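Going down the list, the sequences are from chains A and B. Using numbering that gives the first Met the number 0, count along the first sequence one by one with no gaps and you end on 402. Using numbering that gives the first Met the number 0, count along the second sequence one by one with no gaps and you end on 589.
It should be emphasised that the hints constitute simulated quantities derived from the structure, not laboratory data. These numbers come from a predicted model, not from an experiment. Here a beta-carbon is modelled for each residue, glycine too, at the ideal position from N, C-alpha and C. Check the hints yourself; a few may be wrong.
Stated by the list, open to error - To spell it out: a stretch of chain A is covered by chain B in this simulated footprint if at least three of its residues, at any positions, have a beta carbon under 8 Å from a beta carbon of chain B; those stretches are:
| hint | stretch |
| --- | --- |
| 1 | 26-38 |
| 2 | 128-136 |
| 3 | 163-171 |
| 4 | 248-262 |
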Amino acid sequence: MVAGCSSDVLGLRRSVRVAVSWSGQELHAFHDVLDGLGKLDYPVEVVPLGDDISTAFGARSGRRPDLVMLPQPGLVPRERSERNDLQAIPDELANPGRARLWEDLLVYDGKTYGVPFKTAHKSAVWYRPSVFRDVGVEPPRLWSDWLTLNKTLSDAGVRPLSLAAGDGWVLTDFLENVLLGIAPAVYAGLATATDPRPSRRPEFAAALRLLGSMWSAPGTLAGGVKRSLVQQFPDAIVEVFGHRRAAMVLASDFAEPVVRSFAADPDDIGVFTFPALAPGAAAPVVVGGDVMVLPKPTSDDAVDLVRRLSDPTAVDPWIRQGGFLVDGRVSGYSPELTRLAEQLTAPNGLLQFDLSDQLGPVGGINGLWRVLTDFLIRIGDRGSAVVPEAVDAAVNELRGVES
Amino acid sequence: MGLQTNGLSLEIVGREVSGRPVAGKPRRPAGPYLLGLPALLLSSLLLIPIGVTVVAAFRTSSGFGFGNFAVMGDPGALRAVGNSLAWVLVAFALVVVGFFLALLSYRLPGLTSFLQPALVIPFAVSVLVSGATFRLIFDPTPERGTVTAVWTRLFGTSPVWLGPGLFWLVLVSAFGWTWLGYVVSLFRAGLEAIPDDVTRTIAAEGVTGWRRLFALEIPLLRPITGVVTLTLVIAAVRVFDLVLIVVPGSMQGSADVLGLNWWRANANGADSGRTAALGVVLFAIVAAVAVIGVRGLRRRRWAMPVSVVTPDPSLGRPKPSKVVRRFGWIVGFAVSLVWIFPAVVLVATALHSPREAGLHGWWSLSGLGFSSFSAAANIGLFRALLSTVLIAGAATAVLLVIAVPTAYLVAWGGLPQWLGRVVMAMFVVLAVTPVQMYAAPLQDAIGAAGLAGSRIALALVHAAAGLPFAVLLLRSAFASAPPALVSEALLGPSRQSAVLATVQRTYRPALIAVAVLEFALVWNDFIVGFLISGPGTTPLSLVLWGEARQFSASSGTVAAAAVVASVVPAVLMLTFWQKVVRGLTAGSRP
Numbered sequence: 000m001v002a003g004c005s006s007d008v009l010g011l012r013r014s015v016r017v018a019v020s021w022s023g024q025e026l027h028a029f030h031d032v033l034d035g036l037g038k039l040d041y042p043v044e045v046v047p048l049g050d051d052i053s054t055a056f057g058a059r060s061g062r063r064p065d066l067v068m069l070p071q072p073g074l075v076p077r078e079r080s081e082r083n084d085l086q087a088i089p090d091e092l093a094n095p096g097r098a099r100l101w102e103d104l105l106v107y108d109g110k111t112y113g114v115p116f117k118t119a120h121k122s123a124v125w126y127r128p129s130v131f132r133d134v135g136v137e138p139p140r141l142w143s144d145w146l147t148l149n150k151t152l153s154d155a156g157v158r159p160l161s162l163a164a165g166d167g168w169v170l171t172d173f174l175e176n177v178l179l180g181i182a183p184a185v186y187a188g189l190a191t192a193t194d195p196r197p198s199r200r201p202e203f204a205a206a207l208r209l210l211g212s213m214w215s216a217p218g219t220l221a222g223g224v225k226r227s228l229v230q231q232f233p234d235a236i237v238e239v240f241g242h243r244r245a246a247m248v249l250a251s252d253f254a255e256p257v258v259r260s261f262a263a264d265p266d267d268i269g270v271f272t273f274p275a276l277a278p279g280a281a282a283p284v285v286v287g288g289d290v291m292v293l294p295k296p297t298s299d300d301a302v303d304l305v306r307r308l309s310d311p312t313a314v315d316p317w318i319r320q321g322g323f324l325v326d327g328r329v330s331g332y333s334p335e336l337t338r339l340a341e342q343l344t345a346p347n348g349l350l351q352f353d354l355s356d357q358l359g360p361v362g363g364i365n366g367l368w369r370v371l372t373d374f375l376i377r378i379g380d381r382g383s384a385v386v387p388e389a390v391d392a393a394v395n396e397l398r399g400v401e402s
Numbered sequence: 000m001g002l003q004t005n006g007l008s009l010e011i012v013g014r015e016v017s018g019r020p021v022a023g024k025p026r027r028p029a030g031p032y033l034l035g036l037p038a039l040l041l042s043s044l045l046l047i048p049i050g051v052t053v054v055a056a057f058r059t060s061s062g063f064g065f066g067n068f069a070v071m072g073d074p075g076a077l078r079a080v081g082n083s084l085a086w087v088l089v090a091f092a093l094v095v096v097g098f099f100l101a102l103l104s105y106r107l108p109g110l111t112s113f114l115q116p117a118l119v120i121p122f123a124v125s126v127l128v129s130g131a132t133f134r135l136i137f138d139p140t141p142e143r144g145t146v147t148a149v150w151t152r153l154f155g156t157s158p159v160w161l162g163p164g165l166f167w168l169v170l171v172s173a174f175g176w177t178w179l180g181y182v183v184s185l186f187r188a189g190l191e192a193i194p195d196d197v198t199r200t201i202a203a204e205g206v207t208g209w210r211r212l213f214a215l216e217i218p219l220l221r222p223i224t225g226v227v228t229l230t231l232v233i234a235a236v237r238v239f240d241l242v243l244i245v246v247p248g249s250m251q252g253s254a255d256v257l258g259l260n261w262w263r264a265n266a267n268g269a270d271s272g273r274t275a276a277l278g279v280v281l282f283a284i285v286a287a288v289a290v291i292g293v294r295g296l297r298r299r300r301w302a303m304p305v306s307v308v309t310p311d312p313s314l315g316r317p318k319p320s321k322v323v324r325r326f327g328w329i330v331g332f333a334v335s336l337v338w339i340f341p342a343v344v345l346v347a348t349a350l351h352s353p354r355e356a357g358l359h360g361w362w363s364l365s366g367l368g369f370s371s372f373s374a375a376a377n378i379g380l381f382r383a384l385l386s387t388v389l390i391a392g393a394a395t396a397v398l399l400v401i402a403v404p405t406a407y408l409v410a411w412g413g414l415p416q417w418l419g420r421v422v423m424a425m426f427v428v429l430a431v432t433p434v435q436m437y438a439a440p441l442q443d444a445i446g447a448a449g450l451a452g453s454r455i456a457l458a459l460v461h462a463a464a465g466l467p468f469a470v471l472l473l474r475s476a477f478a479s480a481p482p483a484l485v486s487e488a489l490l491g492p493s494r495q496s497a498v499l500a501t502v503q504r505t506y507r508p509a510l511i512a513v514a515v516l517e518f519a520l521v522w523n524d525f526i527v528g529f530l531i532s533g534p535g536t537t538p539l540s541l542v543l544w545g546e547a548r549q550f551s552a553s554s555g556t557v558a559a560a561a562v563v564a565s566v567v568p569a570v571l572m573l574t575f576w577q578k579v580v581r582g583l584t585a586g587s588r589p
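Using the sequences provided together with the hints, build the complete structure.
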């Protein structure tokens, strides 16, 4: 039997294995990008790892991937330094001309350890302009405006917010925007230094209190807390644009294809960016993205694939499908995404990378994700009176994870 | 042979001789021992990694001890143990429900023709498919979820079925849907095998109702109850992929079971000694259940009848009255409808476009078509199908080639009694060993051999994992051979070939059962592929799971992929179900 089969049938042929976190439409789009590369000398196998992408580096991940599309750029320094797991990218591919933000994360000792593939704008709120028009409100420019807006909407019988609490990263994104908005320096400190930990920072608790003031307001969350807990981010979008039971949803730029494919009215789609937390303060912009990294040991084929994928035209098929931003590029997108791209490249913007990625396990599924889920359960729909106690509980819970 | 005079009926029935047909010890040539060699080699694929895990669990930085088991003090691990034990209770409850359903269908024969296919299909499809189906049915939006829609229509509002606490209902429904058919079918086969003369004797003594149940059915079905309980408890303790696909991410912590807890610890790079300790605890629970179950199996209360002449048809079971029969048909029809309903939901969802399936439930009349199937084709479904066919085919072939001679050796090869017991004990333990006990060291070894992610490695691991159960089943079938034939064979000059000829004629059902079950098990497998090859290898269930991560947005694609993945095992099971049941019950007949 062994002799009769080609090595491909047995699955032994050496292909370049690309680990990605995408599924559904994003996965299809990535396959289109690969197809657009033309004929390659080696087969490419895409390995969709979803939320478990960090297991791609584990010693026991079965067959290690040759190329990882790391959705948490914040993990790059940790993988490089603590586990010494990453191969430096050859100089000719370590393309300069990226935003400085990336340099801090990806370059160490003059060597580059990752090439950005996709940039995510995590401070986008998608909404239905028709609802805003009917009630007579405008997208908020300040956090306080947003709270008032929510009140106006719920008084008018419209649930303002659809929250995808089933996906932990949606909750952390929300918190990160608030924290970055009120205390940029603290945010940067937490991202880079391991001490003090988040729970020791009074600004962290302050951000939780602000967040609590929005989530706890009765009638704010579409479907209530329990429904929010079982919603993944596409479900939350369908609630707003498909079933039209809520007015807006915090979702990144990559939500665009989901919004468009489920929208009942294709013209009733709007986007605003996270408002500033106080008058005169800059609006927070939390940035994420997928970075191409090469786990050790690497092969020439994998390096070749990185070269081809970092060509500016390689991602055109995905850009055409929507929901894809490239670092530094502001043209070729839909009007909504163009606005987001412009905010990413605007000078003096308050840009920071996703914090939870850089906190290690504290920011992950058993850390901040769980803490914020419990926080939501304690306060959702119960009014602002329960918030202070819930903030204390959340800080204590996080402290337990940190130690 | 029957006699009837003056309303008195006399009957002569033969009884099988139990125990050794020939007194004394048989000759013991060394040749047959070689038959066990391939099995030993294949089993060492599991035995060595299990040894490594056990050693790792007891080795701490300060020598050997129970230090690593401190991991059980962790609240997360404790909750996982609690949940796993709750699953065991679910398994017991299911056995009871299945027993009464089987009794009902036995006493109302009209039921069987409807009930059988409706109950077999869920058993044939993978756990991921049934989990996905029940997640569709219990979806929290009234537009998509059947139960939510009905509840909202009736009461104005509906609980969030996948929400905290209530997700257990969805999990248990999916588990019950999968396993009830198996339970009922096996109990039915056991009830059918109760000889009519015994039934009539009991009836003549005037024992009816509950007393009859405790005097007749329950004691006589004890061996089958053992098999059924054992299978279900092991399935319950091994619950893994069901939780992954059904429970939304925010509640996975509270639904955690030991197997998942192990996987999370392993994937997050926790200390290998502590994860090994978790594996050993999981194994200890399963092994304890297995030992109790197997002890129950050993007790043979009485011998099977051997029909000497064709029984007089007038002496068969009394036909129930017309009213009872009509009632039986109605009940059977209703139960079948309820049982087939999830399959209808799945197929109907798959026949909607991805957009429509994401927005509305299976009953929606717009967006019908095959676009979800083409979307499923785009995610590499057909490549995965090919991959799965190769793995399942290779695993089944290897298994049969190795299991048949081994089972023959154990049953009739003349092993010394103590060795036979040791071998059987080893196979019983291996049959119930959870994948978590050997996954980590095996993965390292496969990686070191340069075979990581290859189909051949996966097929071999599958064959090794299926071997113990196959040998146990085949041995039971071989051992229950009609003594006349076997003693003839034992006395004859061409001893082995005669026995093998008997094997061919008499044991076909057991062979078919092993082949069909192994093929379907490998086809539907998630956990072995996931833990041994890592996520992202191509077998069907892993592709399905990758697509189901954003569940409702891709429910059309998921449903289409699930339908495609289920066709082969469903057809296989429906075709061979009678033989599979006969094979499964061959060694455990009352």
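field: Hints breached by this structure
entry: Per hint list: single violation, 2.
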